[in-house]
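Asks: So the protein sequences, as listed, match chains A and B. Here our numbering runs 10 ahead of the position in the first sequence, where the first position is 1. Here our numbering runs 1045 ahead of the position in the second sequence, where the first position is 1.
Mixed in with the good hints there might be a few duds.
In silico EDC-like pairs for lysine to aspartate or glutamate, Cα to Cα no more than 20 Å straight-line [said to hold, decoys possible]: (1) A:150 - A:160; (2) B:1074 - B:1048; (3) A:300 - B:1147; (4) B:1178 - B:1164; (5) B:1128 - B:1158; (6) A:60 - A:361; (7) A:300 - B:1162; (8) B:1230 - B:1162; (9) B:1072 - B:1112; (10) A:56 - A:361; (11) A:300 - B:1207; (12) A:402 - B:1207; (13) A:211 - A:151; (14) A:233 - A:106; (15) A:14 - B:1112; (16) B:1128 - B:1200; (17) A:300 - B:1208; (18) A:211 - A:138; (19) A:14 - B:1147.
Distance windows between CB atoms, simulated [unchecked claim]: (20) B:1165 - A:362: 55 to 61 Å; (21) A:13 - B:1173: 25 to 31 Å; (22) B:1253 - A:321: 44 to 50 Å; (23) A:282 - B:1052: 49 to 55 Å; (24) B:1214 - A:13: 35 to 41 Å.
To be clear, the hints were calculated from the coordinates, so they are not data collected in a lab. From the three backbone atoms N, C-alpha and C, an ideal C-beta is built for every residue, glycine too.
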Amino acid sequence: MFNKLFGTIALSNISRRKQLVAIVSICIIISIFLFVLVWGTLDATKAGLKLNQERHGADVVVYPLESKLDDSGILYSGVAQSVYMPSSILDEIDNEYVDSITTQYFLQTLPGGGCCSTELELRLVGIDWDTDFLVKPWIKDKIDTLKDGEIIAGCNVDIEGLVSLTILNYPMTIISSLEPTGSFLDDSVVCNIGLLRNLAKINFPENPDPFSSITCAMVRLDKNASIDTYLDSIIGISANVISVTDLQIKLQNEIGMFSTILTLLLAVIMILCVIAISSQFYMMIHMRIKEVGYLRSIGMTRSQLFRMFIMEFGLIGLSSGFFGSLIGMALIGPMINWVRSNLTMPVSVVDIKFMLIHLLLGIVITLMLCLISTIIPLIITNRLSPHEMITKGEL
Amino acid sequence: MFELTIEKVTKQYSGNDYQAVKSCDMKIKSGDFISIQGESGSGKSSLLLMMSGLLPPTSGRVLWNGESIYDMSDNALSIWRSKNVGYLFQNVQLVQALTVRENMLLSRSFGNDPTLDIEALITLFGLEDEANKLPSLLSGGQRRRAMIACVLSRDPLIVCADEPTNDLDSVWASKIMAILNDLKKKDKAIVLVTHDSRWITDDQIQYVMENGELNQA
Ligand SMILES: Nc1ncnc2c1ncn2[C@@H]1O[C@H](COP(=O)(O)OP(=O)(O)OP(=O)(O)O)[C@@H](O)[C@H]1O
Ligand SMILES: [Mg+2]
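Chain A on its own, in the form it takes in the complex (with noise of 0.2 Å):
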């Protein structure tokens, strides 16, 4: 009975104050949207990194002087390039601190070129399957060879619920996909290296001959190498050299950095908002002052009425919390791709558990802004005696 006299006065309130009301969401729902996209971006970030630094298999990479990408670009953004390097520098770069190198040679389709069955333009990246120990730790199924003709796809690569398809007026089959590495790979379609090079030299014949020709080098050091030894080692060649671990460290630190400062943004912008919102719900208790009064004269006790307006700023703070929380759901990718794209980070894949997570986390912020929110103006209210609270409100 209780309860629902208390739900019929929360609704009833909530329709006659309209405005205050809107007031109030539009608060929740900015700073909800906000703390949502802000979070998310971080959090996708650094399991981005962390990912990336788990299972990057390579100690070096080696890319071309004309690449128009700085390091962390050639990492981690996917973004389209096609410049390339004579094959002739793996010799300058392969000595006696080397375990393993593997070449890679990308290639770009043109979007809406009618020569593939996808409007997308994807990034086709040829491994050397024989040396190749950069993707295959991240290929979802096991996989034996990778013949021609055979494509394994990246994460956020969309030919979802393809099977077969064109690329370059050559037919492909996905026979396989990759989990989340939070680098270029997941925007790119991998296949075999041999097929990639011959599909360049009919497609491009503009292009240096991509049989003697390679976009990058990945190299895995000896375990007992230094990888500042090594780089020495190297000094001087025709090329880009990446140390994978101090990017990755340079990049950790920003990213440091950068959720420090987001997190603290997000700090003052919460507590403004309880300011806002707890001065809202005040006035709002105090619009009804004298009808507190009289229920506390009835013998209403201060937790029944918190249970009250609870029951009223709650209704109004999860509507619009979770409001909020959905429009930051929605904006967390383009978000993703735009940090991936211009400040080159590392961002992993946002899926259903990610977006669930932080749907939940937007909430269960939204119901501790409401509680404060409504805990602050009842102890104030509540330092009233009954006949107060009624005198305050009839004059």
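Fit chain B with the ligands to the given chain A structure using the hints.
Replies: This is chain B with the ligands only, laid out in the frame that chain A set:
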């Protein structure tokens, strides 16, 4: 059986340089009908509020069967109010968001008897047509009757009535006084504050208030 004792109760509102209630003593037992008369501003409402647990006195004690109510925890005092005191405010108080019937149901849920017959009370107070209306749609007299019905829905041991006949026509005023009088038979106590001598009868314990001082008539 119960006993409410008011012991040297004084009230000085903050900001005032005078005492609204000056060291008053009174005893209320089950079956009592007490009336307090006095001019406007003499402190009748203030005294009534203090004995009902709604306004802490500046000094003095209010004892319920020997226990000081203002020394109870806020929770205990709330529950004490809900079970023992029905306060009829000088100005009508109701929950605006609830209909008359819902107001009565809410009130009953705080009271002594969860099975009390609400419909009988609605009939008793002539509110059949108003029971499903919000208080804002009622006339002044109907609102006052609704408030009294709400208080009786809790079946309290003491009814503190501050000018209960305000807003009412003489027919309803007499009816309400008769209803209050009947409570005596159920071993309840009634404290009536009024400036209308029509409602003062010889079987009442009569008090007069003057400039904050309480004297038995
Ligand atoms: N909330 C308050 N703050 C300050 N002074 C108050 C307050 N309530 C009452 N008073 C003062 O206390 C005195 C007694 O007031 P009270 O309301 O008890 O009188 P009353 O006898 O009930 O009068 P009435 O018959 O007009 O209702 C008055 O002088 C009034 O000005
Ligand atoms: Mg009065």
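Asks: Do the beta carbons of residue 1214 of chain B and residue 13 of chain A sit within 35 to 41 Å of each other?
Replies: holds, 38 Å
Asks: Between the alpha carbons of residue 14 of chain A and residue 1147 of chain B, is the straight-line distance 20 Å or under?
Replies: holds, 10 Å
Asks: Confirm or reject the claim that residue 282 of chain A and residue 1052 of chain B have a C-beta distance inside 49 to 55 Å.
Replies: holds, 51 Å
Asks: Decide if the proposed pair is consistent with the structure: residue 1230 of chain B and residue 1162 of chain B, CA atoms, cutoff 20 Å inclusive.
Replies: holds, 19 Å
Asks: Regarding residue 13 of chain A and residue 1173 of chain B, is the given constraint of 25 to 31 Å on their beta-carbon distance met?
Replies: Between residue 13 of chain A and residue 1173 of chain B, where Cβ atoms are some 27 Å apart, the hint holds.
Asks: Does the alpha-carbon distance linking residue 60 of chain A and residue 361 of chain A stay inside the 20 Å limit?
Replies: Holds - the C-alpha atoms of residue 361 of chain A and residue 60 of chain A are around 17 Å apart, at most 20 Å.
Asks: Take a quick look at whether residue 402 of chain A and residue 1207 of chain B sit within 20 Å of each other, Cα to Cα.
Replies: holds, 19 Å
Asks: May I ask you to test the hint 44 to 50 Å on the CB atoms belonging to residue 1253 of chain B and residue 321 of chain A?
Replies: Taking Cβ atoms as reference, residue 1253 of chain B and residue 321 of chain A lie about 47 Å apart, which means the hint holds.
Asks: For a C-alpha distance cap of 20 Å, please report whether residue 56 of chain A and residue 361 of chain A respect it.
Replies: Judged against 20 Å, a Cα distance of about 15 Å means the pair holds.
Asks: Hint check: residue 300 of chain A vs residue 1208 of chain B, CA-CA at most 20 Å. Holds or violated?
Replies: holds, 19 Å
Asks: For the pair we were handed, residue 300 of chain A and residue 1207 of chain B, check the Cα-Cα distance against 20 Å.
Replies: Judged against 20 Å, a Cα distance of about 17 Å means the pair holds.
Asks: Between residue 150 of chain A and residue 160 of chain A, is the straight-line Cα distance small enough, at 20 Å or below?
Replies: holds, 15 Å
Figure legend: structure checked against the earlier numbered hints; hints not met, in rising order: 7, 13, 15.
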